[in-house]
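Visitor: Please build the complex by placing chain F on the supplied structure of chain G, with the hints as guidance.
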Amino acid sequence: MPKDDLKIGVFVCECGTNIAGSVDVDSVVEEAKKIGGVVYSSKNRYMCSEPGQAEIKKAIAEEKLDRVIIAACSPRMHEPTFRECVASVGLNPYLVDMANIREQCSWVHMGNREAATTKAKDIMKAYIARARYLQPQEEREIPVEKATLVIGGGIAGMQSALDLADAGYQVYLVEKEPSLGGLMSKLAKTYPTMDCAI
Amino acid sequence: MMDVGRHPNIKLLTYSKVESIKGYVGNFDVKVLKKARYVDETQCTACGDCAKVCPVVVPDEYQQGLSSRKAIYIPFPQAVPSASLIDMNSCLGTNPIACGKCAEKCDKKCIDYDAKDETIEFRVGTVIVATGMDVFDPVILEEYGYTKYENVVTSMEFERLLSAGGPSDGHFIRPTDRKRPKTVGFVQCVGSRCERIGKPYCSNICCMNTIKDTLLLKDHYPDIQAKVFYIDIRAFGKGFEDLFARSKEAGVQYIRGIPGEIAEDPKSRNLKVLVEDTTSNKIEEHEFDMMVLSVGVTPRFDMPEVQQLLTLSKTPDGFFMEAHPKLKPVDAPSTGIYFAGCAEAPKDVKDSVTQASAAAARAETLLSAGKVKLEAITSTLNTDLCRYCATCSRVCPYGAFTVDPKKKTISYIEALCKGCGTCAAECRFGALTMKHFTDEQIITQIDAHLAKDPQEKVVVFACNWCSYAGADTCGGARLQYPPNQRLIRTMCSGRVDEKFVLHAFKKGAPMVVVSGCHYVDCHYIDANRWTQKRVEKLWDKLERWGIRPERLLLEWISAAEGQRFQKTMQDIEELRKKVTQEEIEHTIKVLTEEEEKTKAKAKQTGGKAQKKS
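First to last, the sequence lines map onto chains G and F.
Here the first sequence stands for residues 1 to 198, where the numbers follow our numbering.
Here the second sequence stands for residues 1 to 613, where the numbers follow our numbering.
These are computed hints drawn from the structure, not numbers from a lab.
Some hints could be false.
Under the rule of at most 16 Å between Cα atoms (straight-line distance), these lysine to aspartate or glutamate pairs were calculated in the EDC-like manner [stated by the list, open to error]:
1. F:K17 <-> G:E177
2. G:K189 <-> F:D169
3. F:K227 <-> F:D277
Only some residues are given here: those of chain G computed to face chain F with a beta carbon under 7 Å [to be verified]:
4. D122
5. G152
6. P178
7. G182
For glycine and all other residues, C-beta sits at the position ideal for the given N, C-alpha and C.
Next comes chain G alone, as it looks inside the complex (with noise of 0.2 Å):
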């Protein structure tokens, strides 16, 4: 069921010119205030900075903010970085969500600020909407087993196994070819030291 008394945080990044360059950020940011349940609407010059964090951590603590969005780029980009920013506040991470007005907004309509604006509300809106659904979520931890598969014994195999295994670690290196050495063993000399391949 959806929350209704939520209180809602957006957050819009400029991304220096990248967003605001063909977005009008503050237009944006009055959109959200309009929104019921958002409580707090700010942008910054870069979001994902230091000072960006902070006010995110501020604005968490002061207007005891329970849902997150921010306006930025892709969460295939920054999406942890903001996931471990909510959480060092006390936030379920997955109580954040990324609205990207980058590199699907900002970036691919540069000449048309109107309609990049506009686009930027609707992804923003989308995101405030799905906000009243989302839910906490724990992340489950695993056991790492303490061994690597390396499947290649040419020059790059070597090293990784060479370097995992001195480190103490299991390394099962897998060579098709019958002997260790790979396309580089066949060189007469490599350079830039000019001295023997093998």
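Guide: Here is chain F on its own, set in the frame of chain G:
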């Protein structure tokens, strides 16, 4: 190589192939097939007596076929493990009557013709893919006459001819008359920077390799005249420009222009080329005793096998795709898998070693922590709503569900769930909920996007790994497209429920796009197979209801295909413009009626069920 061979922490499996890798980060179960060498590698002393008596002579792969080896052989003198093996395809036979000479000769009795392939199983936490590359085969470039003219060799063959351990024992000779050439010509970019043969990329190493070759030649034989034909000389690494300068100082001539053709003088077997020197704009003729084709690097022929083992993706040039070209250049998109060397892109020895150490360090980050956090995004099952139809067990790529429709039991192992959401899209009873991508969450996003001027919007569902990433790549390259599309992210296209698409149409969307990874690239093994089936069913349904199926598009766009994303968005905008307001209103009317019919039906059957009970 020796260090690897004797390291107590390295289990070396040569002449072996990874057969399967199952599981996930932290816990990969690996099965390796170790092929029989027919020689006990722990006992063999590499004395080579066996090879001396072997009567079978075949081309030696290590020497690029420029000399021969026996059926029982040591790949090269410094091989690790230092042991012989029998090439069973050319061995005369295991029957001692046929031959059996090597077994007779071997004092240590290491040879066993009946040796069997072995399967080895183990568990690892991380995987490093260092599968390397292939060298471009210039046979298809007929203009260079490779294999037609014997004195045209590849740079790999040239390496062997120059090597002290090579087929000519380090004496530099040309193949036809075994005499030392006095003039050598090098042709750059053979199999690189060539759209015509589908190799548009720069192979990275060939310029420096040729510079090295010319320096070696000049060091050994100062009287040899060497000329290099090039497009650009890319000597961009540390100390590389110095080597280039040294090569020029040594008298090597660099000519900017690639010969159109190599011709042979049948008498002298010398090679002639016509070339336009683009610095002087003059056509020049050159004659050489020998020519070297500086061949590029290509993805390994057996890459698809490794790709399938680990569900990896490729970039358009055919090499493996990294998680991020700038910030995660060593990681594969799936956690716990890393790249080292040319599997990811062509690189030289130094860069391969650098990336290999980086990959080891990335792997070590997980290994030393000893634990890893998994995404919390998985499906949850509400057994009260389950009707044991077993659809979930049929569609789950990971076998997380076991359903017995007769006994009416279901078991679900959440740890196996990777979060594609296909089960939630397919379950007709609402028993499965995809966390963080619930029906309500997605439908509310559709509503928000279509709240105003829906007739101008295109709703695009995009999977996280490929299409959404492809949209990001498109943005990263600043490729512009019309601002009408509204994108909704799901982890996999398999999550896109039929009701999401119909809801978007009911809310007035003129066009809906479902997009995901290319068929073989699906990050959830084959979940996108169900996407396709579902969309095909939807097309039929739409047609039955008098809604043009062309308004629903299914597109496969990979993370690397920014241009394809742009083109798709441009094309869709053209299609959108053709959808009329009447058409949209008709769709809304039809879908509302259909929804009411379904509701009435549900009520009826619900009522019946109640009566029965």
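Visitor: Indicate, hint by hint, whether the structure satisfies it.
Guide: Here is how each hint holds up against the structure:
1. Annotation: proposed proximity of K17 (chain F) to E177 (chain G) holds, straight-line Cα distance about 9 Å (limit 16 Å).
2. Between K189 (chain G) and D169 (chain F), the direct Cα distance comes to roughly 15 Å. Compliance with the 16 Å bound is thereby established for this hinted pair.
3. With a CA separation close to 12 Å, the supplied pair K227 (chain F) and D277 (chain F) stays within the 16 Å bound.
4. Evaluation of the D122 (chain G) hint against chain F yields a held restraint, the C-beta minimum of about 6 Å falling below 7 Å.
5. With 7 Å as the threshold, the beta carbon of G152 (chain G) comes within range of chain F, its nearest partner Cβ sitting at about 4 Å, so the hint holds.
6. Among the interface hints, the one on P178 (chain G) holds; its C-beta lies about 5 Å from the nearest C-beta in chain F, closer than the 7 Å criterion.
7. Contact between G182 (chain G) and chain F, as hinted, is supported at the beta carbon level, the nearest pair being about 5 Å apart and thus within 7 Å.
Hint compliance for this structure: no hint is broken.
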